Amino acid sequence: MAALADVWRRREGLRALVWLSPWIAGVSIFFVYPLLSTVYFSFHRYDMYTLEFAGLDNYRYLFEDPRVLTSAKNTLWLVLIMVPATVLCSLALAQLVVRLKAGVGLFRTIFYLPSLVPLAAGTITFVFLMNPATGPWNQFLALFGVRGPDWFGDPAWSKPSLTLLSLWSCGQLVVIFMAALLDVPRHLYEAAAIDGAGPWRQFRSVTLPAIAPVLMFSLVTNVIYALQYFTQAMIASRVASGETDSPGSSFSPGYPDESLLTLPQWLFQVGFRDYSMGYACVLALLLFATSMIFTLILLRQFRRAEEAS
Amino acid sequence: MSATIVDPGTAPPRPPAAHARRDGVRARRRRVLVWIATHALAVALALMFLAPVVFIGLTALMTDQQALTSDLWPHSWNWDNFAVVFEKSMLLRWAANTLLYAVLGTVFTVVSSVPVAYALAKFRFRGRRLAFLLVITAMMLPPQVIAVPIYLVWARLGLTDSLWPLILPMLFGDAFSIFLLRQFLITIPRDYTDAAKVDGCSDFTTLVRVILPMARPAIAAVALFQFFYCWNDYYGPLLYAGVEQDHLTLSLGLATFKAFHSVQWNLTMAATLLVTAPVIIVFFFAQRVFIEGVTLTGVKG
Numbered sequence: 001m002a003a004l005a006d007v008w009r010r011r012e013g014l015r016a017l018v019w020l021s022p023w024i025a026g027v028s029i030f031f032v033y034p035l036l037s038t039v040y041f042s043f044h045r046y047d048m049y050t051l052e053f054a055g056l057d058n059y060r061y062l063f064e065d066p067r068v069l070t071s072a073k074n075t076l077w078l079v080l081i082m083v084p085a086t087v088l089c090s091l092a093l094a095q096l097v098v099r100l101k102a103g104v105g106l107f108r109t110i111f112y113l114p115s116l117v118p119l120a121a122g123t124i125t126f127v128f129l130m131n132p133a134t135g136p137w138n139q140f141l142a143l144f145g146v147r148g149p150d151w152f153g154d155p156a157w158s159k160p161s162l163t164l165l166s167l168w169s170c171g172q173l174v175v176i177f178m179a180a181l182l183d184v185p186r187h188l189y190e191a192a193a194i195d196g197a198g199p200w201r202q203f204r205s206v207t208l209p210a211i212a213p214v215l216m217f218s219l220v221t222n223v224i225y226a227l228q229y230f231t232q233a234m235i236a237s238r239v240a241s242g243e244t245d246s247p248g249s250s251f252s253p254g255y256p257d258e259s260l261l262t263l264p265q266w267l268f269q270v271g272f273r274d275y276s277m278g279y280a281c282v283l284a285l286l287l288f289a290t291s292m293i294f295t296l297i298l299l300r301q302f303r304r305a306e307e308a309s
Numbered sequence: 001m002s003a004t005i006v007d008p009g010t011a012p013p014r015p016p017a018a019h020a021r022r023d024g025v026r027a028r029r030r031r032v033l034v035w036i037a038t039h040a041l042a043v044a045l046a047l048m049f050l051a052p053v054v055f056i057g058l059t060a061l062m063t064d065q066q067a068l069t070s071d072l073w074p075h076s077w078n079w080d081n082f083a084v085v086f087e088k089s090m091l092l093r094w095a096a097n098t099l100l101y102a103v104l105g106t107v108f109t110v111v112s113s114v115p116v117a118y119a120l121a122k123f124r125f126r127g128r129r130l131a132f133l134l135v136i137t138a139m140m141l142p143p144q145v146i147a148v149p150i151y152l153v154w155a156r157l158g159l160t161d162s163l164w165p166l167i168l169p170m171l172f173g174d175a176f177s178i179f180l181l182r183q184f185l186i187t188i189p190r191d192y193t194d195a196a197k198v199d200g201c202s203d204f205t206t207l208v209r210v211i212l213p214m215a216r217p218a219i220a221a222v223a224l225f226q227f228f229y230c231w232n233d234y235y236g237p238l239l240y241a242g243v244e245q246d247h248l249t250l251s252l253g254l255a256t257f258k259a260f261h262s263v264q265w266n267l268t269m270a271a272t273l274l275v276t277a278p279v280i281i282v283f284f285f286a287q288r289v290f291i292e293g294v295t296l297t298g299v300k301g
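Protein chains in written order, with the UniProt record's numbering: chain A, 1 to 309; chain B, 1 to 301.
Hints should not be assumed to be uniformly reliable.
Here are some chain B residues pointing at chain A (derived, C-beta under 7 angstroms) [to be verified]:
{"no.": "1", "residue": "Ala119"}
{"no.": "2", "residue": "Thr137"}
{"no.": "3", "residue": "Thr276"}
Calculated directly from the structure, the hints in this document are not laboratory data.
Just so it is clear, the structure is predicted and the values come from calculations on it, not from any experiment.
A virtual CB, placed ideally from N, CA and C, is assigned to each residue, including glycine.
Just chain B, with the same shape it has in the complex:
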């Protein structure tokens, strides 16, 4: 841009047209070089981001002995390592436990968080700032802070050694989900809800008929986030799931699996791959929802 503007006072002796043309060529050459440089850098970084997954895959296919050497390429492709993981661990049982935790947790969270976010975003009342403050505080509170008394309560109820202490609280709304939904709902103009009120809608029918259809992307994002939070959670199950192998979740199971098979990196990597694969598959089907959800968390609107 600036190159084409020639100040008459400092104009070069050459005819401006030729100068501009040469500048144009130079600018284009520079643009091509920048294009190549940025894309090369991006490709190099992308390869570094993909490399760990490639090495997991390669190691997962090695023999026990080879996995202990510094070889990077498998001598023989031992596909039955995956079968051995199923034999030597309760992977399917762990997956079932994790699925129960994630599905119930997600359903409970969405059902309980939507009304709260709706009230926080669309009702005018004294103390709504305080309520929102409470949501943010709860969101930022490290789970370890209140772990001891809550653990003691569940222990007294005889519910430790199960995932229920993690699932049941989600019936009362999850702070992060409420926050995210509230951020989305305040962007819906009041005109919509006011118009619904004029048409005689109650709060409930306004929520169902007006808000929910518009908030579908945000709800989908919250559901996915919550599902993955539960799926990947390690701290919660570590506290409550107990030590029995058939009570573990995938994250917990994977960590103990490594401990039991400490020298068998090939099996550990095969197990790691099996735990990671469902997440990746779901991502490829729900990519847009994920990106939308992450964008929403960037405090916009």
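So that you can see chain A by itself, here it is in the shape it has in the complex:
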């Protein structure tokens, strides 16, 4: 007994294993097992009642399914336009608030608040605000002589509309960037000013290198969240199309004209509305592979930040 207690005291790895065991169980049940089953189901036709082997049929269908290309294009749009726009605007906003002499706390609160509004509520609100006929947004634009488009009803404008929603609720990023900006040592700016650096030069040579790890981290996490984009697109499609989701009725995902169809949306439709579980699993694996690539980039970035500190 005494020997056992001794081993327990000296073997830190053993103790760590005990502390981690519930989580290891969780990871196995809710991560490893489902991932392996996803691979298994992807080779089958499965509608929750009959399971039959399908070989590579589901994978082959991936290349014939026009929706895959559509959703890939939509996601690419989000990654290339929505994410950079949101990150850059958050950084600009943080830069502005940090420079303010009066009311910093108040402004930070005002910019942070919208990010707390439940996504469902925020999305419904934006569909209302940007209603072409009655919404206040187009009336505001009319003051400047701009004729606003049919935001959520026009396939060309539905993604920009959701980008505006994303800009409105960027408060979390603003707070993160504010913290990073306030951490840049003051004396670096003073030294740069003595060397004759203007504001833009100071930003490029002092601010940017100092906040680079945080900036990179938020960029990559936001890209990964863009790959998972679901709630806003789903609710915007539903509310703007005016469709009701009575049981069994399939609504048109990605309204208008599949412009908001993202891979998670299509997966939801295929798996949980059409019950083609096998093909849904192939879509899931596609999503998994893409996410893993970005997660690996994030990890490398993360390790660099950790080594620097």
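Dock chain B against chain A, hints included.
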């Protein structure tokens, strides 16, 4: 700064003192102008951020007919729109479901994530890098990736059409919470835990007596984040809550409420306001914890 340093070689013909004074005046005037410009910009942006909420409020008080026009200001203030929302929907029931999900989810997450984060941050063992890698991967994994097999398991257990498939997994630790707590715990110097060990504390008593009191802000932040995650979650309940009106959560209910009352924007906006209000109220009481929590997520330390 640079304006006051006068290089003798290129010194202007005017006496330096007068030059400096004029420069000082000019610099001050410019500083005032910059002050006005930045604050004006901030006020303008703040108004734009607040505007949507103001329009929700105004529309929520209109009559059915007026909400369909382009008027922005209510003709009459229909405060009973809020009462109508309660009558026409199961808002209280949805709130109760959401509260159950959020409270149990938060308690389960905190209780299960703290020990994992503690072990990851303070134990030296082979494979801790791998374990941390697994946490990050799980954090970044889109929930849709593993949805199909997990759904099938819960369906076989007969637990779909309820929120339990969302609540029970939280007993096993939540990746984002573990990550956040671990980031905080590694900033606590080892000296503290080593000293506790020398005083004869076991791992458990070290956690309770030394770590937990110091980690209170991080735990509070994780709890708040998890609470709001559950409160606002749409995807999870969409998958599991079923279609019965009395099983829905607030996010889900709000989306279907719009579908059922598609022409009544005033009621929809009143409902939106009612769903949002508790979040805002909690924020005003726990502002500091929120800001601390968000700051922690910015990969520092």
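Results of checking the hints against the structure:
1. Restraint check, B/Ala119 versus chain A: the minimum CB separation of about 4 angstroms is within 7 angstroms; hint holds.
2. The criterion of a C-beta within 7 angstroms of any C-beta in chain A is met by B/Thr137, whose closest approach is roughly 6 angstroms, and the hint holds.
3. Taking 7 angstroms as the C-beta contact cut-off toward chain A, the hint placing B/Thr276 at the interface holds, the least distance being around 5 angstroms.
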